[in-house]
Amino acid sequence: GESVGLHLPTLSVQEGDNSIINCAYSNSASDYFIWYKQESGKGPQFIIDIRSNMDKRQGQRVTVLLNKTVKHLSLQIAATQPGDSAVYFCAESMKTSYDKVIFGPGTSLSVIP
Amino acid sequence: KAGVTQTPRYLIKTRGQQVTLSCSPISGHRSVSWYQQTPGQGLQFLFEYFSETQRNKGNFPGRFSGRQFSNSRSEMNVSTLELGDSALYLCASSLDINYGYTFGSGTRLTVV
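Which chain is which? The protein sequence lines are A and B, in order.
Using our numbering, you'd call the opening residue of the first sequence number 1 and step up by one each time.
Using our numbering, you'd call the opening residue of the second sequence number 1001 and step up by one each time.
For reference, chain B alone in the conformation it holds in the complex (with noise of 0.2 Å):
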């Protein structure tokens, strides 16, 4: 059974730049989180979503944006890129609250 994927895996961007990832849920997982983890901040919760629909969401800028796809796929957008955005970004899934989630390995964001 694959894990989640994240693509993708290294990125370096310039300030001002915007930048999109994706994840690829476990297959059959619907929900689907995003968090971003810097060594200063820890792990930090961005938004979730549940079948297309966005749920819940933390306390970041709206640069931060992101959407699922009917097959459970996600992406998230940072729009406006600042030298803070360096970060681990992870991706996570599972069935549904309830249930544990799996994380990715992450893409590592780099703004230069």
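Okay, chain A solo, but in the shape it has when bound (with noise of 0.2 Å):
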């Protein structure tokens, strides 16, 4: 199957504190990309999403940057939460196959009260 990286990165942030959240996407021709949040026992959820016209695009708490020159995206949690902690993964897909989205690693954030 198709799919990026083997290990799974971890942040620990403050409670109270800013989150910032990297991802590395692979395909340059990926125009639309999405964070999504995971729980423990539970699918991804949606939380952001961006097309590839957007640098930067902001929703309740989170921002998403886009870099296309170097193929980077990241999500910005403001205040972060203790209900934030979980692990969450950027995706991208392309025009030609919106239907197929690859997703990354992910990076699982842990907030310390």
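Don't read these hints as lab results, they were simulated from the structure.
Being a predicted model, the structure only gives us computed values, none of them experimental.
Yeah, the Cβ is synthetic: ideal placement off N, Cα and C, and Gly gets one too.
Incorrect hints may have been included.
Stated by the list, open to error - Derived coverage of chain B by chain A (criterion: at least 3 residues anywhere in the stretch with Cβ under 8 Å from a Cβ of chain A; other residues may be distant):
(1) 1066 to 1074
(2) 1099 to 1111
Stated by the list, open to error - Counterexamples of contact, computed for chain B against chain A with all Cβ distances above 10 Å:
(3) P1008
(4) L1011
(5) I1012
(6) T1014
(7) R1015
(8) Q1017
(9) S1024
(10) H1029
(11) S1033
(12) G1042
(13) N1056
(14) G1062
Now that you have both chains on their own, put them together as the hints suggest.
Structure representation (structure tokens):
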């Protein structure tokens, strides 16, 4: 199957601090990017998305930044809360096959109360 | 509004057997995708169906197959199970491409 990477990076942050989760995507032809959050025992949950004609998009407490030059995506979470503890996945897809979403390896975020 | 429902939640099968997993998408969603999630390989795309047609397929062997019914419900089948097929199988639905996918909680398959 197609996938990116085998190891799960981890990030620990203090409650109330801002979190930044980074992702390097694989395909320069990708033009749609999504961040998902997955809690233990649950399926991935959509957080925010961004298309390649944008470089920044904001949601509630979350911001996604896209740098197409270096194929880099980041998710910023403001005022991180214990409920934000989860594995975060970036995902990419192309205009020619939006139905085929390729996921990154994920980053485990642990919030310290 | 009900979410994506996957059944069964847990399943234990023996090597060589076959298994069928079921997915009921959100009402009105016509696109259904299947993913395999393992600790070693992460989330991998299996296939996607829209209006009973498979539109895209990942790099999995032919033992993995699926179908979609006229009510958009989908099933995936794995034949001749191998130990390495043990994984969390996730189903996701969407209105169509260009829309974000909503995932179910998955079926945890263990092959012994």
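Going down the list of hints, with the structure as the test:
| no. | hint | result |
| --- | --- | --- |
| 1 | 1066 to 1074 | violated (count 0) |
| 2 | 1099 to 1111 | holds (count 7) |
| 3 | P1008 | 15 Å, holds |
| 4 | L1011 | 15 Å, holds |
| 5 | I1012 | 17 Å, holds |
| 6 | T1014 | 23 Å, holds |
| 7 | R1015 | 20 Å, holds |
| 8 | Q1017 | 21 Å, holds |
| 9 | S1024 | 14 Å, holds |
| 10 | H1029 | 12 Å, holds |
| 11 | S1033 | 6 Å, violated |
| 12 | G1042 | 5 Å, violated |
| 13 | N1056 | 4 Å, violated |
| 14 | G1062 | 13 Å, holds |
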